[in-house]
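Participant: Whole structure, please, built from the sequences with the hints as guidance.
Note that the protein sequences, when read in sequence, are chains A and B.
Just remember that our numbering sits 5 ahead of the position in the first sequence, which is counted from 1.
Just remember that our numbering sits 5 ahead of the position in the second sequence, which is counted from 1.
Please note that the accuracy of each hint is not assured.
To be verified - Once the Cα atoms are required to be at most 30 Å apart in a straight line, the calculated DSSO-like pairs of lysine-lysine come out as:
(1) Lys7(A) to Lys25(A)
(2) Lys348(B) to Lys306(B)
(3) Lys306(A) to Lys306(B)
(4) Lys25(B) to Lys306(A)
(5) Lys362(B) to Lys208(B)
(6) Lys306(B) to Lys25(B)
(7) Lys7(A) to Lys306(B)
(8) Lys7(B) to Lys306(A)
(9) Lys306(B) to Lys25(A)
(10) Lys306(A) to Lys25(A)
Since the hints were derived computationally from the structure, they do not count as laboratory data.
Protein chains: 2
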Amino acid sequence: MKIGLLGFGTVGEGVYELTKQQENMTVARVLCRKDRSLPDAAVTHDFADILQDETIDTVVEVIGGLHPAYEYVTDAIRAGKNIVTANKALMAVYYDELLALAAQHGVSIRCTAAVGGGIGWLSALERARRVDTLREIHGIMNGTCNYILDSMTRLGLDYAEALRRAQELGYAEAEPSTDVDGIDTWHKLILSANIAFGVSLEKADVPVAGIRNITYDDIGWFNRHGYVCKLVGTARRDGEAHVQPTLYALSELEGNIPANFNLISLDGEVAGRQSFYGQGAGRYPTALNVVQDCADLLEGKGFYCPCGGKTAVPNRSRMVWYVRAPRGPLPEGPVSEQWGEGKILEASVAEMHRWLKDHPDAFIAAIPDRVK
Amino acid sequence: MKIGLLGFGTVGEGVYELTKQQENMTVARVLCRKDRSLPDAAVTHDFADILQDETIDTVVEVIGGLHPAYEYVTDAIRAGKNIVTANKALMAVYYDELLALAAQHGVSIRCTAAVGGGIGWLSALERARRVDTLREIHGIMNGTCNYILDSMTRLGLDYAEALRRAQELGYAEAEPSTDVDGIDTWHKLILSANIAFGVSLEKADVPVAGIRNITYDDIGWFNRHGYVCKLVGTARRDGEAHVQPTLYALSELEGNIPANFNLISLDGEVAGRQSFYGQGAGRYPTALNVVQDCADLLEGKGFYCPCGGKTAVPNRSRMVWYVRAPRGPLPEGPVSEQWGEGKILEASVAEMHRWLKDHPDAFIAAIPDRVK
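Facilitator: And the structure:
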């Protein structure tokens, strides 16, 4: 396998190093903005050098972001090259288009590193769905949010201090909204659901609530009631998909996921629940799954599953919520308890997120074990 | 794929049902002691009917136990048939012999269902070791022991009552020693270590301590110190392998594994820690992984890794232990604390298990987070 590597940042360098230890993978050319020289690969600023190199059969894209990644990947597909990417935004947003284009040109796309870093979650889904029907997937998919929430819970930090520490450690960006507003989890959830259920979710139907407005007091009230808060993406075959802060009892696995780790679960009709735990990001875990995808391509594994049609997500199920709104009124529904400034009430997922759109300074969290 | 199915008990029936939903797998003949008739498979009492059927390319062995499973499997290998088995005892005890025989006859052996029931743990090891070097594996591999220990911890039962409930639920046999004395975990650990590290462990070197002697009071003392007790198998590339009760803090994943579930972890040089959680046994989870192995054979995947030579396991590392011995004297080593009738002391793994052999009514548990 001769690889054209797009991007030589944290993950790109990791891929370059790890492929050196693999007998049948060679990084032949690297697209990199900086001037660099590498002992055994040609570095270029111009993507055309990779596109036109007919000896390159596989393009590994680890630039991230939608553009120019989209243009590079589609051009590479049209040139008959296989794609391995760690880019969850690209794969979530252009899922059906990229799959159709790849099928048309007879090439493969894999993106295991896009979700769960080192865990190999999408490959686990591929294996599970081969012989089972999946009913649900859910999990903690963003290490930055888990680090922030875990630090608030275990160390008693407020949100600003927890975020600052995450930034110091390099877990969070200077502009953290992709993580804390749930966008990263949203991309990962959509991509996972598409593969788990063989569909193409209507993105506008999948609502997202992030953790930006969570306070020290919220965490205190959760703690008093035996809960910890996690940012969780959930999708169900029967028409649910959402990203939202979610309260778990300490006796549940989710309640004990530390630092920047991920825990992602599937529920299969035959397999029952299975969960996968590991480092959700970082140079080597992510690069490792890029290399795993290359190894899968060498074994003849293309994409995880065929792409079904666009699928609507009604999100009709009713849940119990913690809702704190600096400015009222609350969403309609019976209020059963008062936790400090927060209220416990019942509403459907769709209703709750519709209300939240008009109340951007509110904080909500679902409490799944309170659903009757 | 035409399958000869050996055994039609809990798992066998599950395999028969699940293969019906797979396009390219057919159970052609079933070896079964009872008189039964099946609409689409010939039932026989005589293994020769399967052995001599040249249309059968794959033998699925779910009888369990060493004999006659060993004779059937070796005969089938010599007849050029691939093997899928859920039999951990067979695979742990005859590991190097069966692998050599299969290689000699150009057939494949897979045994994913032998460890971790539905989890697919051995396949996860196969995938991980493809591009990474594994340093350690460890985990809760026996659902029966986890059920007993969890019931004692959460419900305050004594050992006899917890065992009785496990027997009522069908988790434990009437004669429970394979589970509670750690033999089942021992088989699973040896097989996992062989695959993880590409070795063949010297079985006599791998010591086992079970949970038969644990008491209500032991659990109470663990609880007072913030620990829960689990039966854990651990193996390290650098010469450790043992099965023993192990104390975990409640904030660790292992401390929160409920009922009859399993949690098995690997530690890779590149991947870091990854953990896999799911139902450790049961008809469908186990049958599902038999079917997964059949699917892997169809995709050309034979055994997980080559078998290295016999490897000694010195078990030299020093640990901190809880030791309670109705009749002394204790193993040599400094005693730092007294927990009821139990003492906290330091000793190497090899020393501790050597002592335990002469004190079959004692109970020991390792406390990994107290190791300096």
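Participant: Check the structure against each numbered hint from earlier and tell me which ones fail, lowest number first.
Facilitator: 2
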